[in-house]
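Number of protein chains: 4
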Amino acid sequence: MVERADLSPDRRAFYERISPLHMAPLWETFHDLITKEPATPCVPCLWNYDQVRPHLLEAGSLITAKEAIRRVLVLENPALPGQSRITSSLYAGLQLVLPGEIAPAHRHSQSALRLIIEGAGAYTSVEGERAYMEKGDFIITGAWSWHDHGNDTGDPVVWLDGLDIPIVRLFDASFAENYREDIYPQSKPPGDNAARFGSNMLPVGYESPGRHSPLFRYPYARSREALEAMRDGQDWDPYHGLKMEFTNPVDGGPAMPTISTFIQLLPKGFTSRPYRATDGTVYTVIEGSGTTEIAGQTLSWTANDVFVVPSWLPHHHRAEDDSVLFLFSDRGIQQKLGLWRERKD
Amino acid sequence: MVERADLSPDRRAFYERISPLHMAPLWETFHDLITKEPATPCVPCLWNYDQVRPHLLEAGSLITAKEAIRRVLVLENPALPGQSRITSSLYAGLQLVLPGEIAPAHRHSQSALRLIIEGAGAYTSVEGERAYMEKGDFIITGAWSWHDHGNDTGDPVVWLDGLDIPIVRLFDASFAENYREDIYPQSKPPGDNAARFGSNMLPVGYESPGRHSPLFRYPYARSREALEAMRDGQDWDPYHGLKMEFTNPVDGGPAMPTISTFIQLLPKGFTSRPYRATDGTVYTVIEGSGTTEIAGQTLSWTANDVFVVPSWLPHHHRAEDDSVLFLFSDRGIQQKLGLWRERKD
Amino acid sequence: MVERADLSPDRRAFYERISPLHMAPLWETFHDLITKEPATPCVPCLWNYDQVRPHLLEAGSLITAKEAIRRVLVLENPALPGQSRITSSLYAGLQLVLPGEIAPAHRHSQSALRLIIEGAGAYTSVEGERAYMEKGDFIITGAWSWHDHGNDTGDPVVWLDGLDIPIVRLFDASFAENYREDIYPQSKPPGDNAARFGSNMLPVGYESPGRHSPLFRYPYARSREALEAMRDGQDWDPYHGLKMEFTNPVDGGPAMPTISTFIQLLPKGFTSRPYRATDGTVYTVIEGSGTTEIAGQTLSWTANDVFVVPSWLPHHHRAEDDSVLFLFSDRGIQQKLGLWRERKD
Amino acid sequence: MVERADLSPDRRAFYERISPLHMAPLWETFHDLITKEPATPCVPCLWNYDQVRPHLLEAGSLITAKEAIRRVLVLENPALPGQSRITSSLYAGLQLVLPGEIAPAHRHSQSALRLIIEGAGAYTSVEGERAYMEKGDFIITGAWSWHDHGNDTGDPVVWLDGLDIPIVRLFDASFAENYREDIYPQSKPPGDNAARFGSNMLPVGYESPGRHSPLFRYPYARSREALEAMRDGQDWDPYHGLKMEFTNPVDGGPAMPTISTFIQLLPKGFTSRPYRATDGTVYTVIEGSGTTEIAGQTLSWTANDVFVVPSWLPHHHRAEDDSVLFLFSDRGIQQKLGLWRERKD
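Protein chains in written order, with my numbering: chain A, -7 to 337; chain B, -7 to 337; chain C, -7 to 337; chain D, -7 to 337.
No lab work stands behind these hints: they were computed from the structure.
Certain hints may be false.
One copy or two, it doesn't matter: identical chains are merged, so the pair holds either way.
Straight-line distance between alpha carbons at most 27 angstroms, and here's what the computed DSS-like set of lysine-lysine pairs gives [to be verified]:
#1 K328 - K180
#2 K127 - K58
#3 K28 - K260
#4 K336 - K127
#5 K28 - K127
#6 K58 - K28
#7 K180 - K58
#8 K127 - K180
#9 K58 - K336
Let the sequences and hints guide you as you build the complete structure.
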């Protein structure tokens, strides 16, 4: 029901009459529903890894991986507490897997990405193929793919999870299923997907079962090498430095249908020009340090930090060292729907 | 913050420590975020036009079109009061334009459809071309298209509005702009879009400026005639009767990128088999009468009624008379994102 | 073997040595293989219907439809006698079906179009659905579709056939099969394809079995009406007058994958500006009269005439009366392959 | 004119009357134009490199690169002498570039591929970026890209050229232009294209200027490594062994719009099952040895040999050693046009 001090008695009575019929007056809410420019409720925020890490490890002693199913601390946008959202449409969390632990096999309609922050040598298995993960690696567990994780190393492993949970919820399209065993049986040798799909070739007549990339590990070593080779081109975009999008080799589109993923190199001393776009973006600093100014607020970041730049807030970066960042946002969906915009100042 | 009676002190203390850091324990909410099957909050609901119409007309005397901008009674899902949603992702409302009134010209990133319920001869103008609307006509005012409406007839005109407002809001991508005048100047003769785009031809080398159909009026007369002609084929789908999707002639895809639209003929006496799908759907009865049973609840409908079938609820229809219904849902987006599912029992 | 008067003995001997090894020197033919601009062997040509018609009817008495399989006089480009080509890549012919005759059912990988020139009421059957054809109608019998024709009227019927025979031959991809009976059994009522596919709607979930339009009759009445309605727009392209492409409702692309089809209105007194493009084009005059100047040669045409404008020859039209022409070319394939070019002078 | 001994006088006279009108009777040629199955004129053929090489080197002393423009011995299908075709639709030749020579910069609408057979370290430059080529590398000089070659090594370099010359000729769409200098100025460091386009990422918002892959060097080292890694999968297709298609990272489609390219690993002792398809295919043996039986004829091949398997001829391979072959054909175009077929026996 509309609550307004200056509401005339006639209108108030009318609103009370139509409310039980599940109707409401558009004219009272029009300007909230259709705004002149995006008016995201979200605010910028940074999670400093050094500050967050002890809590993550503490969670490790508080609850077992088995009981937790996934031992994750969700990163919530301060403006949306309790909603498990880092931007309006996306979810992010930090997952800890201790030595000897597994995250049991399941699948769900939500798509997930992992960006490895700490530790090397744990694995993610997708439909029976294991990928052993290094720091900075980008991993996809696509929608409805059986997946599980394990850490057979002697050290804790931490990664950032990114999921499209709010999107799937908006469409009321969530499905999930546990595998009958904790570990999905291995059916392909590790590295098969890189050879089969990541070498600028595809098996003749290949038809992808899903809309996500069949290549599910994008090694940091390879991406980092490519960024370094492109440096020579001195081809810096004034707004982005050097920014690449991870692609699905099957169609050249975004690696994941609901989450767009990027890697960005900002060379030491580079300051980007002010920029804004409608895709709220989550940044993970893989290496380097710098600051990002967002609508007047300055976030100082260093390696392993995670920060969020909400939709349509003007921002620019300044790299104090050579910096490499991993980004994810809903840009691809917005573009598919004709909604995406950017503004370069 | 998690509220649970059986929470151990250790965990409660931990949650309190991480909360100010904008973190939350996933394991407390996992099963709410990722459900085994869609768990829409929405419920079925029917708006009986005879019951609703007097209130609509009353709104006509309560507020001018000018003050209202758009004189609309929003149809809200009973489970989501105050949220301007009829399904989780879609908006619907009934708009009244009285004789002599106009709805001033504006444009916005939200896509809109109109389904004419009562009155003939009012117009919708899209980018300077007027379409005069008849009962049952389906009209598109695509994203970012200048549009205005006017009623130069002697009778009130009522239509159903369908918009993707919740979707645009999720992506924080709302833009809107008023035209400098109330009426956008006419630049093309009425009917041009039908000739140019709706005759199974396209201008040579035509490039569509937007992702919506350049054909913006789908006359009921034409659709009805096609349905009648197809009857002879006796090609009834046991789940749907005869169900057609309105298409964009530029690419054969949905007429609108964010809202899928359909017209459905259920012949007299037809009972459909139980069916469910992940796209919550809004039905408008253009002609006929019948019932729809949704998860045990029965809605009785007749011409001009509007009802909603939420995501994943099993339902079937029974036509008492030859019935034609207009449907809209988010099916197309779900399919683009690999999320859509149906189940035929 | 290279034949050239000024060939040195060394080179001649070398060419003779490599010839039995099935090798030849590129440098002798390079400029013939890769030309600075298209150097079509084809020349312009016009077939005047009044002049041609008696011969067509004479063929009617010389051979039965049954013996002929298809009683057609092939229109051959004068520069390519005996090759059954009207342009380098396309085939055209005039087919006569006398009262009471049928053209027996068969199918082949070659795609075919028909443009009705004389007579009304004969039918083309595609996969069991008959379309009764009027003058000016454009009919598709798509690749590998069972098709047959019949004339149950009292008058001869003549149409222009256009096929991609040379294209299929280049790719060595010809397949053909006769149906076990002369007439393919009727399985759908006439007009079903227009209702089901030609009304700006598609059956929900429709998946096209082939790459051609499922709409196989494009009635002249409908196209003519659309052209007339667009006249009001006064939107004449200086090079083309008003030129529309027939589209496949499934994807908005060309109605046929190998042959692009167009209808063009040139108003009385209109003279187009000089134009050239790489797609050699076959024109059929449905109504009107005028001239087309092609690289200095003038063709005078009137209703029912057929003429060909080869690739890359500059040409322009002059309409003496309101004229409507049907065009077909290989433009779509060229565009798919990145080969198509046009030049506007 | 039709020549047939048994032609009736009436018909002969008729044919003579219509011939000057550029018309011909379809019924005399129908079965040649539309065949039950593909009836390629082409025959199988093998070019043994050891046998061919001396002639190639001899060409090196007979004519300078400058005079020749491209010093190439064209491989002609024995059934089509003098036509510069290896299959009906494709061209192939062996090009020799001697130490110190260059092939001057030009561009043309024909697409070209190179498969390096002998020599390492020569370069191909595409639009100002040089790629230094190793044996087995696959290089693309896409349609209308400025390209030139040079050999700054001390040894001759030989590669196989594959072009779509017959296809471009069928469509009368040939354009060509020489650059004003012999060498196109270098504007990007070597290896840029691999970093920018070949690392499963694309520059954000990248729009490809052409329809070919922006990645123009596919190093054999990388492809060979991928094939070897996939061996472990033991995933041998009974018809093809292990066969991969080179893709365009921009859209996942064939690397070149008019020529499909493949790499195939046949392990030692492998015999493939009989197979046929409508795409006539040119094979280059990169390593290994074996035989291919084609419609009863057996070709014995070893490293560096080139052989052709025409359309629709049944064939199977037998590898005597681990063998890797590079293949090109028109499969992609046929698929785009709905013409491609295969048969597995």
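Verification of the hints:
Taking the closest pair of Cα atoms, K328 and K180 never come within 27 angstroms of each other, the shortest separation being 34 angstroms inside a single copy and 29 angstroms across copies. In the homo-oligomer, the alpha carbons of K127 and K58 lie at most 27 angstroms apart inside one protomer (24 angstroms), although the nearest pairing across protomers, at 53 angstroms, exceeds that limit. Taking identical chains as interchangeable, the C-alpha atoms of K28 and K260 are never at most 27 angstroms apart, the minima being 37 angstroms within one chain and 47 angstroms between chains. Within a single copy, K336 and K127 get their C-alpha atoms no closer than 33 angstroms, and across copies no closer than 45 angstroms, so neither meets the 27 angstroms cut-off.
Taking CA atoms no more than 27 angstroms apart as the test, K28 paired with K127 passes in neither setting, with 42 angstroms inside one copy and 32 angstroms between copies. Taking the shortest Cα distances, K58 and K28 sit within 27 angstroms of each other only across copies (19 angstroms), while inside one copy they are farther apart (48 angstroms). Proximity of K180 and K58 under a CA criterion of 27 angstroms is satisfied intra-copy only: 26 angstroms inside one chain copy versus 53 angstroms between copies. With identical chains, the CA atoms of K127 and K180 are at most 27 angstroms apart within one copy only, with a shortest distance of 23 angstroms there and 31 angstroms across copies.
Taking identical chains as interchangeable, the C-alpha atoms of K58 and K336 are never at most 27 angstroms apart, the minima being 47 angstroms within one chain and 36 angstroms between chains.
Hint compliance for this structure: hints 1, 3, 4, 5 and 9 are broken, all remaining hints hold.
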